[in-house]
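Trainee: Make a model of the complete structure from these sequences and hints.
Residue numbering for the sequence shown follows the UniProt record's numbering, beginning at 1 and increasing consecutively.
Treat the hints as calculated values from the structure; they're not laboratory data. All residues carry an ideal CB built from backbone N, CA and C; glycine is no exception. It is possible that part of the hints are untrue.
[Claimed, not checked] With a straight-line cut-off of 25 Å between C-alpha atoms, the simulated DSS-like cross-links for lysine-lysine are:
id: 1; residue 1: Lys190; residue 2: Lys253
id: 2; residue 1: Lys264; residue 2: Lys185
id: 3; residue 1: Lys426; residue 2: Lys304
id: 4; residue 1: Lys437; residue 2: Lys426
[Claimed, not checked] Simulated DEER-style distance windows between Cβ atoms:
id: 5; residue 1: Thr188; residue 2: Asp504; range: 33 to 41 Å
id: 6; residue 1: Gly373; residue 2: Val465; range: 44 to 52 Å
id: 7; residue 1: Asn405; residue 2: Glu320; range: 25 to 33 Å
id: 8; residue 1: Gly373; residue 2: Lys304; range: 49 to 57 Å
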Amino acid sequence: MNSLFLFIKEYVINYFFLTGIFILSLIAAESEGLIFETMNIKMVIALVVYVLLAQLCLYKFELTKQLGNFDKEGYLLVIKSLTIAIFLFSMYFLIFLYEQLNLFFLLILLASSAVLVPEAPAISFKNENISKRRTLINRPFPGGHKLAKSFLKRKEKKSKSKKSKINVKDLIGRDIIEPTHRISKYITNKSVLITGAGGSIGSELVKQVAKYNPESLILLGHGENSIFSVSADLKEKFPQTKTHLVIADIQDKYHIEQIFHKYKPNIVFHAAAHKHVPLMEINEGAAVRNNIFGTENLARASSKFSVDRFVFISTDKAVEPINIMGKTKRIGELIVQSIAAESLTKFSIVRFGNVLESRGSVIPIFKKQIESGGPVTVTDPNMVRYFMTIPEAVQLVLEAGALSNGGEVFVLDMGEPVKIIDIAKKLICLSGYIPDKDIRIEYTGIRPGEKLNESLFYSNEEIAVTKHPHVVIAVPKIKNNGNLAEQLKKLKEATKHFPEEIGDLLDKIIQNYN
Numbered sequence: 001m002n003s004l005f006l007f008i009k010e011y012v013i014n015y016f017f018l019t020g021i022f023i024l025s026l027i028a029a030e031s032e033g034l035i036f037e038t039m040n041i042k043m044v045i046a047l048v049v050y051v052l053l054a055q056l057c058l059y060k061f062e063l064t065k066q067l068g069n070f071d072k073e074g075y076l077l078v079i080k081s082l083t084i085a086i087f088l089f090s091m092y093f094l095i096f097l098y099e100q101l102n103l104f105f106l107l108i109l110l111a112s113s114a115v116l117v118p119e120a121p122a123i124s125f126k127n128e129n130i131s132k133r134r135t136l137i138n139r140p141f142p143g144g145h146k147l148a149k150s151f152l153k154r155k156e157k158k159s160k161s162k163k164s165k166i167n168v169k170d171l172i173g174r175d176i177i178e179p180t181h182r183i184s185k186y187i188t189n190k191s192v193l194i195t196g197a198g199g200s201i202g203s204e205l206v207k208q209v210a211k212y213n214p215e216s217l218i219l220l221g222h223g224e225n226s227i228f229s230v231s232a233d234l235k236e237k238f239p240q241t242k243t244h245l246v247i248a249d250i251q252d253k254y255h256i257e258q259i260f261h262k263y264k265p266n267i268v269f270h271a272a273a274h275k276h277v278p279l280m281e282i283n284e285g286a287a288v289r290n291n292i293f294g295t296e297n298l299a300r301a302s303s304k305f306s307v308d309r310f311v312f313i314s315t316d317k318a319v320e321p322i323n324i325m326g327k328t329k330r331i332g333e334l335i336v337q338s339i340a341a342e343s344l345t346k347f348s349i350v351r352f353g354n355v356l357e358s359r360g361s362v363i364p365i366f367k368k369q370i371e372s373g374g375p376v377t378v379t380d381p382n383m384v385r386y387f388m389t390i391p392e393a394v395q396l397v398l399e400a401g402a403l404s405n406g407g408e409v410f411v412l413d414m415g416e417p418v419k420i421i422d423i424a425k426k427l428i429c430l431s432g433y434i435p436d437k438d439i440r441i442e443y444t445g446i447r448p449g450e451k452l453n454e455s456l457f458y459s460n461e462e463i464a465v466t467k468h469p470h471v472v473i474a475v476p477k478i479k480n481n482g483n484l485a486e487q488l489k490k491l492k493e494a495t496k497h498f499p500e501e502i503g504d505l506l507d508k509i510i511q512n513y514n
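Mentor: Rendered as structure tokens:
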């Protein structure tokens with residue numbers, strides 16, 4: 001209430017101050033003979049009302065902007081409205097009162113409406129919709145001249161933003177990897193099943209695979225809306241492609257086998273996964289059921305129904321994992337490799353880093369924060385990650401299918417890791433703003449399960465080259481100190497009856513195969 005009272009008090013003081021200047025100016029002008037006896041109370045009232053509306057609009061704009069609900073279109077509307085009001089008011093004087101008003105004084109009067117708006121002191125305000133108290137108004141309200149200057153700067157930045165097209169190469173610091181001719185040879189005229197087809201990677205897989213004229217595409221997903229959306233896009237771009245839409249849970253072993261029996265896929269790309277690190281830290285059971293046992297169901301069904309090739313999409317977080325998501329993906333790798341050792345199906349694993357512009361990745365988050373005026377939130381200034389584009393990730397998945405002989409872990413050569421803070425700063429600059437001046441960067445701290453650095457290889461993995469210049473194979477030296485099937489059985493029981501044991505069982509499995 002004190003902050004609100006201070007705001008109202010300063011507004012009233014400024015209003016009477018500015019109104020007083022106008023009235024005194026009129027009196028002084030009349031005493032000098034600039035305004036004659038026709039000067040009347042209506043003119044004074046008109047000026048007072050005009051000043052009231054102008055000052056109120058300016059304060060409303062600044063208060064709204066500082067509270068975080070600032071609408072740029074609203075800002076433009078306010079400026080346009082003020083401009084029209086000034087124009088109409090000046091026309092009124094010029095047309096009807098020209099003989100009574102000196103033109104030079106009129107120009108001074110109009111200019112003063114932009115120059116003489118006084119500045120109010122900075123105040124602190126509490127927004128009831130925000131859980132914690134913070135300073136929302138941390139600088140003085142600008143005078144009219146500063147507001148006009150700010151508007152011109154914003155307009156210049158907006159124009160600059162439109163001209164600065166964001167180039168992914170500028171963000172990841174390397175050239176984009178292009179596809180090869182090998183892909184079409186094993187996809188054309190084949191039936192292809194894609195799990196997680198409604199996700200970022202899965203939907204891109206659908207589009208890329210469709211280019212190579214498969215016999216049919218089986219889009220499998222858990223969310224009906226995303227699958228419908230992807231299929232609609234596919235029909236528009238590739239109307240000739242035969243498509244089957246399947247809503248299924250990969251944890252349902254018997255339903256998965258029914259799907260394989262019905263559609264008889266030749267190739268399987270397994271992109272379905274629970275991948276959000278902090279969320280999986282508090283949902284261990286869901287991560288285990290989906291990422292481990294869902295993967296096992298698909299891999300065993302592929303072997304049982306004689307699928308030609310199976311590609312499992314893993315992550316760099318599966319290397320020396322410290323979080324639930326990474327641990328479940330690492331065990332998924334072990335399952336695929338164990339089944340590959342006893343199957344005619346060519347199984348392969350693809351391991352890559354963070355995917356730019358995928359759901360939940362930093363780029364869409366940063367873009368949204370920049371559009372809303374900031375701040376841009378970064379967990380830690382020293383956090384680094386390997387980055388790749390969605391098309392690159394999909395190309396690696398498709399290349400793995402072409403290069404696989406069975407059981408390999410394919411890794412893309414992604415150059416040097418990039419600091420998250422550098423990504424944020426580059427994105428701010430490419431959007432036409434200056435970091436920490438126009439858009440503030442705020443550090444929030446590392447979230448549960450996160451590491452400052454990620455690796456693409458285990459320390460005991462050897463690196464082998466492939467026919468692709470930017471794709472290598474991580475050759476594992478697995479030390480098997482336990483029965484994987486028996487350990488998975490215990491883990492499944494824990495998800496049903498002993499959830500508190502899940503973490504220890506995950507660690508034990510990984511240690512046995514490290």
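Trainee: For a C-alpha distance cap of 25 Å, please report whether Lys190 and Lys253 respect it.
Mentor: Holds, at about 24 Å.
Trainee: For the range 44 to 52 Å, tell me whether the beta carbons of Gly373 and Val465 fit it or not.
Mentor: Holds: the Cβ-Cβ distance is about 48 Å, inside 44 to 52 Å.
Trainee: If you draw a straight line from the CA of Lys264 to the CA of Lys185, is it 25 Å or shorter?
Mentor: Holds. Lys264 to Lys185 sits at ~19 Å (cutoff 25 Å).
Trainee: Does Lys304 lie within 25 Å of Lys426 when you go C-alpha to C-alpha?
Mentor: 49 Å, violated
Trainee: Between the beta carbons of Asn405 and Glu320, is the distance compatible with 25 to 33 Å?
Mentor: 26 Å, holds
Trainee: Are Lys437 and Lys426 close enough, with their CA atoms no more than 25 Å apart?
Mentor: 14 Å, holds
Trainee: That 49 to 57 Å hint for Gly373 and Lys304 (C-beta), does it hold up?
Mentor: 55 Å, holds
Trainee: Just to be sure I understand the hint, the distance between the Cβ atoms of Thr188 and Asp504 should be within 33 to 41 Å; is that true here?
Mentor: 47 Å, violated
Checked against the numbered hints given earlier, this structure breaks hints 3 and 5; the rest are met.
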